[in-house]
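With the hints as constraints, model all of the structure from the sequences given.
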Amino acid sequence: MKVLVSLKRVSDPDNANKIKIAASGNAVDTAGLEWKTNPFDEYALEAALRLTENGKAPKLRLGEVVVVTLGPKECEQTLRAALATGADRAIRVDATDDALDGRLVALALKNLVGTEKPDLVLLGKQAVDGDSNQVGQRLAELLDWPQATFAATIREEAGALLVGREVDGGVLTLRVKLPAVVTVDLRIVSPTSVYSAHTEAAHKYAEGVRFAPLPAIMAAKKKPLDTKTLAELVPGAALSTRALKFEKPAARSAGIKVKDVSELVDKLMNVSKVL
Amino acid sequence: MPHALVVAEIAEDGKVKKATLAAVSFAKKARPAVGGSFSILVLGGSARAAAAELAGYGAAKVLVCEDPSLAKYTAEHYAPTVAEVGKTFSLVVATATSEGKDLMPRVAARLDAAYAGDCADVLVDGTSLRYKRPMYAGNAFGTVELTTPIHVATARQSEFDPAAPSGGSSPIEAVPKVAPGAAASRVEVVSLEAVKSERPELTEARVVVSGGRALKEQFFQVLEPLAQALGAAIGASRAAVDAGYAPGDYQVGQTGKIVAPELYVAIGISGAIQHIAGMKSSKVIVAINKDAEAPIFQIADYGLVADLFQAVPALTAELKKRKP
Ligand SMILES: Cc1cc2nc3c(=O)[nH]c(=O)nc-3n(C[C@H](O)[C@H](O)[C@H](O)COP(=O)(O)OP(=O)(O)OC[C@H]3O[C@@H](n4cnc5c(N)ncnc54)[C@H](O)[C@@H]3O)c2cc1C
Ligand SMILES: Cc1cc2nc3c(=O)[nH]c(=O)nc-3n(C[C@H](O)[C@H](O)[C@H](O)COP(=O)(O)OP(=O)(O)OC[C@H]3O[C@@H](n4cnc5c(N)ncnc54)[C@H](O)[C@@H]3O)c2cc1C
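Keeping their order, the protein sequence lines are chains A and B.
Counting in my numbering, the first sequence runs from 1406 upward without gaps.
Counting in my numbering, the second sequence runs from 158 upward without gaps.
Keep in mind that the hints were calculated from the coordinates and are not lab data.
There's no promise every hint is true.
Computed cross-link-like contacts, PhoX-like style, restricted to lysine-lysine with a CA-CA straight-line distance of at most 25 Å [stated by the list, open to error]:
#: 1; chain 1: A; residue 1: K1672; chain 2: B; residue 2: K477
#: 2; chain 1: B; residue 1: K437; chain 2: B; residue 2: K186
#: 3; chain 1: A; residue 1: K1425; chain 2: A; residue 2: K1441
#: 4; chain 1: A; residue 1: K1664; chain 2: B; residue 2: K477
#: 5; chain 1: B; residue 1: K447; chain 2: A; residue 2: K1672
#: 6; chain 1: A; residue 1: K1662; chain 2: A; residue 2: K1678
#: 7; chain 1: A; residue 1: K1464; chain 2: A; residue 2: K1609
#: 8; chain 1: B; residue 1: K373; chain 2: A; residue 2: K1609
#: 9; chain 1: A; residue 1: K1633; chain 2: A; residue 2: K1515
#: 10; chain 1: A; residue 1: K1662; chain 2: B; residue 2: K480
#: 11; chain 1: B; residue 1: K478; chain 2: A; residue 2: K1664
#: 12; chain 1: B; residue 1: K437; chain 2: A; residue 2: K1650
#: 13; chain 1: B; residue 1: K477; chain 2: A; residue 2: K1678
#: 14; chain 1: B; residue 1: K478; chain 2: A; residue 2: K1672
#: 15; chain 1: A; residue 1: K1609; chain 2: A; residue 2: K1407
Over 10 Å on every C-beta distance to chain A, these chain B residues come out as not near it, computed from the model [what the hints assert, rightly or not]:
#: 16; residue: R290
#: 17; residue: P357
#: 18; residue: D448
Chain A is faced by these chain B residues, among others (derived, beta-carbon under 8 Å) [claimed, not checked]:
#: 19; residue: H160
#: 20; residue: A236
#: 21; residue: A271
#: 22; residue: F298
#: 23; residue: L303
#: 24; residue: T304
#: 25; residue: K437
#: 26; residue: A451
#: 27; residue: Q455
#: 28; residue: I456
#: 29; residue: A457
Using N, Cα and C, we set each Cβ at its ideal position, and we do this for glycine too.
Structure follows, in structure tokens:
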């Protein structure tokens, strides 16, 4: 199976509360925050690796994993990290962050799918900076491919995937015939979430994503990394969204500590009156 | 000027999902900018009853599309019809439920429209609409403008009060199903494993009791009696779900459900950024944690530093005593 995985870099999500808004109000200032790979995209990569191997011999790729990002030159770090983890090839589509929106990202990916011809495109369900949750669904429509969003489990069948989706109210299982688009949710990296046709049903993965050993990090520098431009993929690319202004949400301050449950119930009944 | 279109959602029991009423409120707020009225579209295997339910909210029309292939929701079957109907409107909006978030970007792509997801507000500026979206786990709001002729959006349920019936009766009109593309023949709904619970719906409850990793296998044993005493829904942190103590659809947070109840009780939850993003609009927040330095206390109105395995049963007993 050939899998295309998109990776977006985001400013360190564990410190998202440290972002600042420029005095003008029209930009978010993430200075001082490290760039990280969007966690959901790391999970998508892990799922792609699991789908292209026998879990018992994870160094041998039984298929191909191509990673792609849209962004400036620094984003190549994100791609190199993915190559070190096991991806075979990388593509960077040169674009500045503020020249992109969800519509353009999907259009560019559609064009890449046309040349790469993967069996599956795996994406994160959302980028945790913009929190849009749209690119995978848009891409599926542009390709007229089936989509399985918010995937918590994937099982490969002949020419198809059985995907357990986390939805409001439970788990909805879809069967999608390949080629297809799948966006992944948090639980996709648990030990029994993803099985390729080569991996035994009894196999259990380690929880979470795999890490690249040092030799692999060195070797990744030699793996192919191609560059394309946004204009090549989406001629006349123009934004259809414009950010007008940013604001910090109203701050919530710490209240008081109560000494015991009886004082707590007093407060809830007599002060907040929520009981 | 073309108006707003609300895409309704039908629950398993054939009734309109209450979440839909958030999108109705969104459309009502937006309508001055888009010609003054809104309509509602409902799709399903049998959607007549749902359409009748929706006729009392002041819509210009309620449009119904019934077809056996729509009995079980899939984006591949729904998007073509929603887009076909939507293309005569200038705003197409649904509530940001898991179905809304799955469907609407696909509809947007079909209409080559820009999409504003999970909006906390919609602002009218003359004949323009602006969308206020939470970003960076709710640490910033961005106000965006969409420049395509049609806008597609989803509304964050916790930020829009459910629309109240306004009397009157909107005309109900049938619309044909649009034949879907090849994608639809390549997707099949295999099963829905519904999480059964006696408790109220998490996103609609007046009180939510949420548990974290600290509850271990005793998650329900400890929380259920308290939730019962409070008439509360039960939620969970990601760590509690990942560990298998609670089902996935209990997760509250940036990447789970967004809740804003009158009272939110966080039990054995540290208060990570991603968790706070899903509950900080709650009116009153209570935290019970044995670590006095836990970040959850920075946003809690009332903090109790205690071992939850003692404090929660004691709280349950106290509530029963005072409010029998
Ligand atoms: C304040 C502000 C508000 C915005 N509001 C909107 C808006 O309302 N509508 C809109 O369309 N855009 C909006 N954008 C732009 C949007 O956030 C970015 O352009 C982004 O590149 C598109 O990703 P997303 O956040 O929509 O991705 P999502 O749909 O949340 O991401 C899903 C997946 O798509 C892939 N992906 C996304 N971007 C990239 C990338 N650059 N490279 C590789 N893979 C990628 C990743 O795999 C990701 O997991 C806004 C930006 C800002 C700053
Ligand atoms: C991409 C991404 C998305 C995420 N999305 C979400 C999300 O939507 N929602 C979410 O919740 N998290 C999310 N997270 C995870 C988040 O970062 C935290 O890891 C998680 O919220 C921690 O859960 P917790 O508070 O239960 O566990 P912990 O952080 O381990 O906290 C347990 C707490 O219990 C307390 N405790 C232990 N024993 C007792 C006792 N006996 N009595 C009282 N207190 C006790 C401890 O002091 C501690 O504060 C996400 C993470 C990532 C990377």
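- Holds or violated: K437 (chain B) with K186 (chain B), Cα cutoff 25 Å? holds (24 Å)
- Query: Given the hinted pair K1464 (chain A) and K1609 (chain A), is their alpha-carbon gap at most 25 Å?
  - Reply: holds (16 Å)
- Message: Holds or violated: K477 (chain B) and K1678 (chain A), Cα atoms, limit 25 Å.
- Response: Between K477 (chain B) and K1678 (chain A) the Cα gap is close to 17 Å, so the pair holds against 25 Å.
- Is the straight-line distance between the alpha-carbon of K1662 (chain A) and that of K1678 (chain A) 25 Å or less? The given pair, whose Cα atoms are some 17 Å apart, holds under the 25 Å limit.
- With a cut-off of 8 Å on the beta carbons, see whether L303 (chain B) makes it to chain A. Nearest chain A Cβ about 6 Å off; hint holds.
- Item | Straight-line alpha-carbon gap K478 (chain B) to K1672 (chain A), limit 25 Å | Holds, at roughly 15 Å.
- Message: Need the status of pair K373 (chain B), K1609 (chain A): alpha-carbon distance at most 25 Å?
- Response: With a Cα-Cα distance of about 22 Å, the restraint between K373 (chain B) and K1609 (chain A) holds, given a limit of 25 Å.
- Message: Tell me if the interface restraint on I456 (chain B) is satisfied: Cβ within less than 8 Å of some Cβ in chain A.
- Response: For I456 (chain B), the interface hint holds, since the closest Cβ of chain A sits about 5 Å away, which is under 8 Å.
- Item | chain A versus R290 (chain B) - minimum CB to CB distance exceeding 10 Å, so not interface | The assertion about R290 (chain B) is violated, with a minimum of 7 Å to chain A.
- Message: Quick check on the hint: A451 (chain B) CB to chain A CB, less than 8 Å?
- Response: A451 (chain B) check fails; min Cβ-Cβ to chain A is 11 Å, beyond 8 Å.
- Interface hint status, A271 (chain B) versus chain A (Cβ within 8 Å): Interface hint status for A271 (chain B): holds (4 Å vs cutoff 8 Å).
- Item | Pair hint outcome, K478 (chain B) versus K1664 (chain A) [Cα-Cα no greater than 25 Å] | holds (19 Å)
Hint compliance for this structure: hints 16, 19 and 26 are broken, all remaining hints hold.
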